[in-house]
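Letter by letter, the chains look like this.
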Amino acid sequence: MNGTIQAPTIEYALLSPMLIVFGAAIIGVLIEAFAPRYLRKSIHMPLTLLALLGAFATTILGAANGLPTSASAMGAVAVDGPALFVWGIILILAFVSVLLINDDEQFVAQAAAVPGSSDEEEAVRSGYAQTEVYPLLLFAVGGMLLFSSANDLLAMFVGLEVMSLPLYLLCGLARRRRLLSQEASVKYFLLGAFSSAFFLYGMALVYGYTGTVSLRGIGDALGAGSGQETLLLIGTAMLGVGLLFKIGAAPFQAWKPDVYQGAPTAVTALMASTVLVAAFGAVLRVFWVALGGLEWNWQPVMWGIAILTMVVGAILAITQTDIKRMLAYSSVAHAGFLLTGVIATGAAAQNAKALSAILFYLAAYGFTTVGAFAVVTMVRDAGGEAGHLSRWAGLGKRSPFLAGVFAFFLLAFAGIPLTSGFFGKYAVFAAAVSGGAVPLVVVGVVSSAIAAFFYVRVIVLMFFNDPAADGPSIAVPTVGTSAVVALAAAATVVLGVFPQPVLDLADQAASALFIR
Amino acid sequence: MPWLSTLMAVPVLGAVGVSLVKNDKLAKQVALAVSLVVLALTVVMATRFDPASAERFQFAEVHQWIPRFGVHYGVGVDGIALVLIALSALLVPIVILASWHDADGTGAAAPPKRSVRTYFALLLVLEAMMIGVFAATDVFLFYVFFEAMLIPMYFMIGSYGGVQRSYAAVKFLLYSLFGGLLMLVAVIALYVVAEKNTFMFPELIGAIQDPGTQKWLFLGFFIAFAVKAPLWPFHTWLPDAAAQAPAGAAVLLVGVLDKVGTYGMLRFCLELFPEASKFFTPLVIVLAVVGIVYGAIVAIGQTDMKRLIAYTSISHFGFIALGVFAMTKDAGAGATLYMVNHGFSTGALFLIAGFLIYRRGSSRIADYGGVQKVSPVLAGTFLIAGLSGLSLPGLSTFVSEFMVLMGSYERYKVAAIIAASGVVLAAIYILWMYQRTMNGPTAESVKGFTDLNARERWVVGPLVALLIVFGFFPKPMLDVINPAVDKTLSSVHVTPFTPAVAEKKGAGQ
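Sequence lines, in order, name chains A and B. In this note's numbering, each residue's number is its place in the first sequence (first place is 1) plus 6. In this note's numbering, each residue's number is its place in the second sequence (first place is 1) plus 621.
It is worth saying that the hints were derived from the structure and are not from the lab. Careful: at least some of the hints might be erroneous.
Chain A is faced by these chain B residues, among others (derived, beta-carbon under 10 Å) [claimed, not checked]: (1) R689; (2) F776; (3) A790; (4) G801; (5) L802; (6) T1071; (7) N1074.
These numbers were taken from a predicted model, which means no experiment stands behind them. The beta-carbon is built from N, C-alpha and C at its ideal position, and this holds for glycine as well.
Go ahead and model the full structure; you've got the sequences and the hints to work with.
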């Protein structure tokens, strides 16, 4: 080979949120290695929060400097309007989740100790803490940032894995009911690995058809339209499976309840909010940018999946007796509502409208979810959190304020007006109606009505039933937890009463759609 | 002065104040004072209302709320909305006074003590929303109030109601929510199809021309209103909710909340979708007439006073719907007047039944007998309220029922004749209930009854007075209502006395 290798151009300023998060994660690993045990947590905590804040600040700065018109990092990452908006949401939600994670009651003393063994007792006695949580979380967040903004399938796969692997580990770190937690972790890992394999295989097939992994290249190749259709269609289906698994769309939703239940609740809060946001970023990119030309082929399937997801989520949630499992199925139903927005494509203006609706929905849903799980962490039994719904009976009488806030979050999930959930749903459904998907919206509202049943059931339980004699106690919240609940409640109110500023922001982010 | 915003802000601020007061007694007094202030403001506003004004919505305020969705904070009243707001403002202080002991667990079979402050705060919040829902001139704002007002009522039934309260509350909420969500689809589609980029009601009139679209949207709105009103066969939630709700909440539920349904039919279904309304009129008339007869017959068979009153209301809502969809001037004005009078009449019935239940601790008719001998005033007012329920001439309900029947006879003779049988059936259910509870030998358990005390007389007195006054002199109300009904019917383009022209002329007009 003669000649010189061209050095790649990297837009460091634009990519700095990602770089900051990854950098902090690596520093976190070094802290684990070098800092004495007693100091670790007090270093990790500010470092993590600062990193997330810094990343958020640079995201804002990036947005303020005007949206770039071409992809960064040699076309591997697209830092466009939607990406910046999604980054912003992910970073705020991650920041909030870290405040929840700062609670020793949540995490196992030593993950490697066999549950119930003398090792475990030893670990608990000596007050160990699994402080790896913080760098793992930062890696996951970094992965999310990459996943949601990747502009070629390869970068997207890297993002997917960097996001998922730390989450598999985090799921297994619950302090109480450790076997359940480890089971969740293994289940999530196995199913996640399968879905990643699907994604990878789909990518290979699409590459076989188009000869490129860049989203833009795929889109262009579809326009040229030659070669083996079968290869393309199977590849599309497999990419879809990998992505839909991450958002928990039916029939790929089976992992959600088990994982949400088993994982430490703070981690569940992080997953339920941020992973959904990141995954929708990726879904939109793949289906709109790369496979936009194939709309006629994937839309009918997506219709079916959206309907199935809404109905399955709403109906299965009714039968749940565990609060976390119920919220998991509720999150499945919400993924279905969001999918109605993904389907609502059309002309550019229509796409921008649908995109902005999805972005708003993600922001609204994310905050409410973190808030709801934060409340779940506070309702405790002798054996840890009181997950079973029957234990929540009469909570409204024991602590009316906490129950009131939780009821408010549930009403927001149900989409009652004057909560953020209502406008989220409204925006997505409005986009779907103007995209011509009226039947889908009718299914959507019917499943909202079904979903309202189980949200209301919890409210009935909390307010209209008498408390059990040995009911759970309400943990005195740490400053972090109360801050999270307050912030989430405030966001739910503000987005429900004055959504205009955030809608404007989402509109701006969506106006230019995705860059290619 | 922004009258309508003030009317909404005062009770909301009052609710905050009530929930902050530590002393239960003081909380009740504050709640009563706030509701009286609202009533006073409403009266002042009503005197400034000019029925002859060319402006359709008076005291109008329009501000951008969510420009992105074309949503405004738009309020304003015409005659129809004004009388309904006045009804709400009048009933709330009465209900507060009547509910003085509902929440503190001193009643004979009352549920355990609950937070008194919360109950009265919820009442005031509900008042603000009731005023808002009638005042909204933005369809979206109307929808927001329509749905949001379910929540305070849900908690009032679920926390302060009878034995089956949580079942009743959930049934109420889910029925209404389901109807509301169908309406949401129609609201979205209305916005999208109209392409006006606004939800302001006056601008949306006539915006939907395509008859097919009109029919679908009409159904979305109509089902929500039919559940809310409730029309047969969407009525099954009402007897449960009304029987389990505390008497005061039941008054607001049946007296005002359900009127939102019939009001919505009159205002939104007719005006936004005139062609579809005409198309569906036969169906609605049939439902209304079935409801009138069915509600009355089932009411006769009830053994529980509150359920009986609830079923009578289903019969009466049939009359209102009949009047709305007859689309004649008399029937429309009669239906509007009926909404108000029914609020007074049913309100009085529920409240006096509530006093009875408070004394005896049971709502079963069989547990009473001969009350008239021990509590003559209670029995007398109960009789007047009951007679207003069967529309005795001289009481205000007679005027409205007569107008509805007369107005609908112009167009739908058979329907009006069948509906008139409801009046006969009403005599049976009311008088038979009166006979079983008030006449005959005094039951053992009734012997210790006290008569109405001063507070209770203040509750019943105004309602009875209004029933009599408007029975002899309905003109002030009709003066306000008539121009508004005329305007409504003129935007439906109905020609009087020529039945069902619309379908023949086709959709283009």
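### Task
Could you work out which earlier hints the structure fails to respect and list their numbers in ascending sequence?
Of the numbered hints, 6 and 7 do not hold.
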